[in-house]
Structure formats: C-alpha cells, structure tokens
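Undergrad: Heads up: the sequence lines are chains A and B, in that order.
Just so you know, the working numbering puts 286 at position 286 of the first sequence, and the rest follows in order with no gaps.
Just so you know, the working numbering puts 1245 at position 245 of the second sequence, and the rest follows in order with no gaps.
Because the hints were derived from the structure by calculation, they are not lab data.
Worth double-checking, as some hints may not be accurate.
[What the hints assert, rightly or not] Derived BS3-like pairs (lysine-lysine); straight-line CA-CA distance at most 30 Å:
(1) K48/A <-> K263/A
(2) K231/A <-> K1275/B
(3) K1248/B <-> K1275/B
(4) K1177/B <-> K1275/B
(5) K231/A <-> K1177/B
(6) K114/A <-> K1177/B
(7) K303/A <-> K48/A
(8) K1226/B <-> K1248/B
(9) K263/A <-> K303/A
(10) K114/A <-> K1275/B
(11) K1094/B <-> K1177/B
(12) K1248/B <-> K1177/B
[Claimed, not checked] Quick partial rundown of chain A residues pointing at chain B, CB under 10 Å, derived from the structure:
(13) G189
(14) R192
(15) R193
(16) G194
(17) P201
(18) D202
(19) G204
(20) R205
(21) V230
Even for Gly, the Cβ is constructed at its ideal location relative to N, Cα and C.
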Amino acid sequence: MDTQAISTGLMPLSCVGIREETPTIRTFRLRACSGPVSFVPGQALVLKVPMPGGPLWRSFTISGGSEGDLHLTIKAQAAGGATRWLHDNFREGDVIEARAPRGAFTLGLRSNEKLAFVSGGSGATPMMAMLRDLAESEPDADVAWFHAARDPSEMLFASELTELQRRMPRLSVAVTVTRPAPGWFGYHGRIRRGLLAAAVPDLGRREVFCCGPGGFMQEARLIHAAEGGVKTQFHTESFGGEAPVIPAAPEPVETGGPAHLLKVNGRDLQIRPVETVLQASLRQGVVIPCGCGEGMCGTCMVKLVSGDVDARPNGGLTADEAEQGYILACSSRAVSDVEIALE
Amino acid sequence: MLKERIAGLLDQRLSGHSLPRDFYVDEQIFQADIEAVFETDWLFACSTVEIPRPGDYLTLRVGHNPIVVLRNREGEVVAFHNTCRHRGSQLCLKERGRANRLVCPYHQWVYELDGSLINARQMPDGFDTSGYSLTPVHVQVICGMVYICLADEPPSLERFRAGVTPYIAPHMPDRTKVAFTSTIVEEANWKLVIENNRECYHCAANHPELLVSMVEFALPDDPQAKTQFQGLMDRSTARWDSLGLPHKPADGGIEFRCIRLPFNENTVSFTTDGKPACNKLLGDFTEQDLGSVRMFRVPHNWNHFLSDHIIHFRVLPISANRTELRTTWLVHEDAVEGVDYDVEHLTAVWLATNSEDGMLAENNHRGILSRAYRPGPYAPSEFMLTHFTDWYAGKMGDYVGTPRTAVAAE
Ligand code: FES
Ligand code: FES
Ligand SMILES: [Fe+2]
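If we strip away everything but chain A, and leave its shape as in the complex, we get (with noise of 0.2 Å):
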C-alpha cells in the first residue's frame, strides 16, 4: 500500500494502565511523551492503528483523564478491525500515534439548564465524560441520561455512576437493553418515543446530547422533534459512536472535462473541479489516511503548498491549523492547480 508516514500534528502516546469495563469494553489510559494534554469533555482523538496491514485512522470519544492523562473507553468489535487489535495487542507501555482532540460535541453548545444525554453503545463515553466535567463544575445539573445497551452485561461504567449519581442529586438515569435477562429490572426494547417519553417524560423541553449510531441518532432527533423540542438544541455526535469510523468511499465523478494539476509530494495528478481532493488522489492510487470523509474528524488533514482550493472544513481543522496552511482532503476541492503536502 502507497501510505505515507504523517507527522505533522500527530504525537505519540504511551500506555500507563489498562482497565477492564465488561467483557468487551476497556479503558486504555494514555498519557502523551510531549506532556499533558488538554481536551474538553466530549472531544475525540483519532488513534493510527498500526495494522498489519497497514495503518488504520479511527477515532474514539476520550471518555475522561486527569493530570494530562487521556482515557479512551473502546468496545473490541469484529475480528480483522482496529478495536479488535487495540484489544489484543495494545499494552501497557506500548506507544501508539494520534492527532490532537478536537471536536465541538461539547457542553460550549449548551444553551438550556435542563439536560439529556441520549446514548447507544458506546455512544455512552462521551456523556461520561460530560457528566464527569459536571459532577466537578455544576453538581446541581439537571441531567437525564437515556442509554441503550445490548444486553445487561456491556453496562458501561456502572459503578463510576453510582458514584456520580451520589454527587449529582438531579441525574437520572434510565437503561434499555435489547436482550434482557433475568435479573435486569430496568427498561427494554429499541429507542422509541414511548419508551424514551417515559423514561424522560420532559425530553421536549431538554437539550439533548445524543451519541450512538446513525439510525438510533436519527430516531432520537425525530423523538426529541416530536416531543416539542426545540430543533437547535439537538446535539449529535457525528462519529466515534460504535461502529469503527469507515473511510468514505470515493464518489463516482465525471471522466470527461477539464481539469486542474494535482501535485501530492511530488507526484503529479489530475483534479476535476466536481470531486474533492481525497476522491482525486484515492481515485489515482495516493492514499490519504481518511475517517469521516465530511471535513469533521481531521484525520485526511494534508498541507496546501500551492494554488487555491474550495475549503469547506465542517469542524475538523482548529483555527490554527487552518493558519497554518492546512486543509482538509475530503472537504476541498481545486479551483487551481495545487500542490498539497503529506507530511
């Protein structure tokens, strides 16, 4: 595979300690050889997997840190991916490279004192984050938490709540699973309104934090709609839920018409003004690592050396790095001939 080694805003982070959530849930603690790190609650880290076959971009929700540390909380999936491996081959003292956190699925949006936090999987980490920064900074919050499980054993982080629910007097929290067992007393069956009206009967007139995958995000923002809420106060985070973040397949694009220089780190390439930088360069055989594939994850960021391009970042370039000269591949197309950089 033509992958090239990226440096630029990548750091190195070593293991310091492992803990086991459930069966197939842990908590890795990393912490960055560089010094600490700063994130705020509900931001993601984009972790290189180093795969045998070559290394894999995913991102993960930090599901909390302290004294510069960073907790990344990850469900092993199928066999053959990077969560598996993470599981298998990821230890204590190891090193593994990632790009800066970054994200807006932060408390900043918030607008409404009342809270909901709606999560699917572990879609669950990044509310424990959230809750954990409230637990310090606003113990009175309102706060109702609605989390769907498959079953009662991948219950995340039940006893770390039990904790938080004796500091925070006005968290509730409400638990479906799809397969009950005997012994579960609390709710189950799929996220839908009945069940989420019941378990938070207030939901329309909460700001609701949702995190899980795509459909189950897409059922609460029609829930929290129907309820009479309020469309802007409907926060969803667009990836890191549960499911690995897979690289965007490259569009099909127009063959004929003109089209631009496209110079990746000496290489040259064409570029046709209906198709993005990444789609270019993968269509032509230069991989660029990619997540999301819709400019919020960072993790195609590559450097403009020259020419112009249709910058339209959706979030996953800082200020600086924009500054800086870097662009997003997945979100820019060419209105020039260009020269981009992987660094």
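Got chain A sorted already, so can you dock chain B with the ligands onto it with the hints?
TA: What follows is chain B with the ligands alone, placed relative to chain A:
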C-alpha cells in the same frame, strides 16, 4: 297528514338532486327530522377527553331533548336525559362542568353519578326513590369519540367501529386534551350545513385559508392536476404503508367515510402557513407529515386526525333555519400552550373556513326560500351529497312507513 305530505315529497324526489324545498325550510318537517333521524340514530356528543375526571359533564340538546354526558365514579362515560324526575326541571345548566352529585337547581333532588336518586328532601317517609332514577341514554365510545343514541333499541355501530378504528387508533385520541372549542349558529337548515361539508366543489372560490394545505378535487378532469395529485398520493401512501398506517377508503357505504389523504406539497397541517400546529406530535408519532384521516358519519359530524392535532365537528339542528356547529381542537395531553402550540395558529384555518361555510349555507338557505327554487343536479364531485340525501330519504321513508327507496345505512 304530515307523514302523507312527506311521503308525497319523497315520491317527487330525484336521487342525485338537491331535496324538494320543504325538506329544507318547513318547521313541521324539521320536527319529523328530529324524530326520524336524531332520535333514532347514533350521534356524536363529544370527545372523552372533554370529561376526563369523574363528575365532569357536558350538555347538549337533541331537538327538544336536553342530554347530559358525564363520567361516573368508575371512570365510564354515561349519559342521561337532563331532566329531573321530580317536576322535570333541567338539571345541569352549564355547557360543561363538574359535579360531585347532580343536584336539581329547582328543589334540590340529588342524583348519584350513576343516575340514581339518593335524596329528595321533604318527601314523605317511605318515599321510594328507586323508581325515580334519571332516564339513561345509550352510550358507545369509539376511539375517544362519545356517541349517544336516544332510541330504545339503538342500531348497531359495530361496522362503523371496526371500519374506522384502524385509521384513528394510531393518533391515540385518549392521550389528548382540548386546546380550543368554538360554537357558532348558522341561519340555515342542518342538511345544508352537512351538504356544504360533503363537497369541495365550492372550495376553490371560497376557502383561501384551507387551500394552503388542503388538496382540493374541484378539477378532477384536469389531467395536469390529476398527474400532480397522483404523484403526491403515491409518495404519501408509500410512506404511510411503511409506517403501517391505513389510508385506502374504508368500506362505509353511505353510512360513513374514512380515508387518509395527503396535504399539499410542503404542508403538514391545517395552518395558514402549512407548518405544524403543535410541535408535540400525537401518540407515538415521529413523522410530521401524515396527511389527515378524514372521517364522517351520518347524520351530523365530521373529523380530522392529523399528526399533531385532531378536530371534531358536531352539527345540531336548532330549528328549520338554525343550526349549531361546535368545533373542538385536541392536541397532545402534555402539549403546553404558548410553547408547543399557539391557539391562534392552531385554529385560524378552520375558524375562517367554518365562517365561510356558514355564510355559504345561509345564502343557500335564503335562496331555497325562493318560490323559484327547484331541486338541482349534483356534480360528479358532489357524489357524497347523493349518498347523504339518499340516506336521508331512506330514514324519512322509514319514518312515514313507506318502502325504502334507498339502501339503508345499517
Ligand atoms: S324539578 Fe327537580 S327538584 Fe323539583
Ligand atoms: S370567472 Fe374566473 S373562475 Fe369563474
Ligand atoms: Fe367549505
């Protein structure tokens, strides 16, 4: 005498035409209407959510019969003739209220909510109250709609119940509340009010507010309109099918009609801007655009069931040339006025439409008083008027004892 006159008029009547003049304007025939139609058939009284708690009551007048519908201590809806068993005073005087017991305002006889007389002061010792219970009226509740029947032997409502329930139940009318009610009196015969409601031939010229959202069929022969409507219909029905919501016309014959129809492109509710009237949707719906279930039943009501609200319309005849129309808007029981809905936005379209229809019916009535009036032919888009007048003629035929000319509703 009267019955013979009616029989004669029925003989003159042509199906597919408006009725002979006296059916609309004659006071004696109006009395016959009450006896033949309103005292024999099931009538829509109100929604169950108008009387949510034990002791809540609502009164209405069917011809000269005052009726009280109330919720008893067991939570059931019951109805009685609203007349005291002492000397007949009307018992409940308000249109809506709450009573722990029904106490007659005249000499204070006291009735339990089940209609039994429990106190009759100053009556001699040994007075047996058991023979003086209120006279019950038959009640059936269908999807939150209270139907009453004054007949001794009410006709069956089962075909209607089975026919409309699958359409209405998903809107969960039991989990609604009253957002607004309006009552207007139109100077027109009740049948003209009904006929006006059963066609949209008049809509294009008269209902600008309604036509923002309502798809009207005034031009069924216009191929362009037809293609446009067909596309809208196909897209809508595919969505409703995927949600498991029935939409094809129910088999109601001439007794009732029930169908789900789409709103115009980019409109989802009966509002002046086509936007939802209530942000909190009914039942467990999460889709705003469910068109509307349009339902009516002879003799006198029609209803709309949308994703965000329900509207009931109830027509009661007062005299040959006066008719009361009561309209009730229901929204989700937890919806908050000023937050989830605005009463003016919710009611503007149908308040305007009711008033426009009222004027049309009044014009109609005044024109029929003319000695030049002759029954005129219904247009194809007025086929529901043919159904209605055939059904009415059948009821009147039964009343005067002539063989039926039309198929009965039951
Ligand atoms: S009429 Fe009712 S108490 Fe006399
Ligand atoms: S003249 Fe224009 S519609 Fe009749
Ligand atoms: Fe009308």
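Undergrad: None of the hints should be skipped; say for each whether it holds.
TA: For each hint, the structure was consulted:
no. : hint                : result
1   : K48/A <-> K263/A    : holds, 25 Å
2   : K231/A <-> K1275/B  : holds, 14 Å
3   : K1248/B <-> K1275/B : holds, 25 Å
4   : K1177/B <-> K1275/B : holds, 20 Å
5   : K231/A <-> K1177/B  : holds, 24 Å
6   : K114/A <-> K1177/B  : holds, 26 Å
7   : K303/A <-> K48/A    : holds, 18 Å
8   : K1226/B <-> K1248/B : holds, 18 Å
9   : K263/A <-> K303/A   : holds, 12 Å
10  : K114/A <-> K1275/B  : holds, 27 Å
11  : K1094/B <-> K1177/B : holds, 20 Å
12  : K1248/B <-> K1177/B : holds, 28 Å
13  : G189                : violated, 13 Å
14  : R192                : holds, 7 Å
15  : R193                : holds, 4 Å
16  : G194                : holds, 5 Å
17  : P201                : holds, 8 Å
18  : D202                : holds, 9 Å
19  : G204                : holds, 6 Å
20  : R205                : holds, 8 Å
21  : V230                : holds, 9 Å
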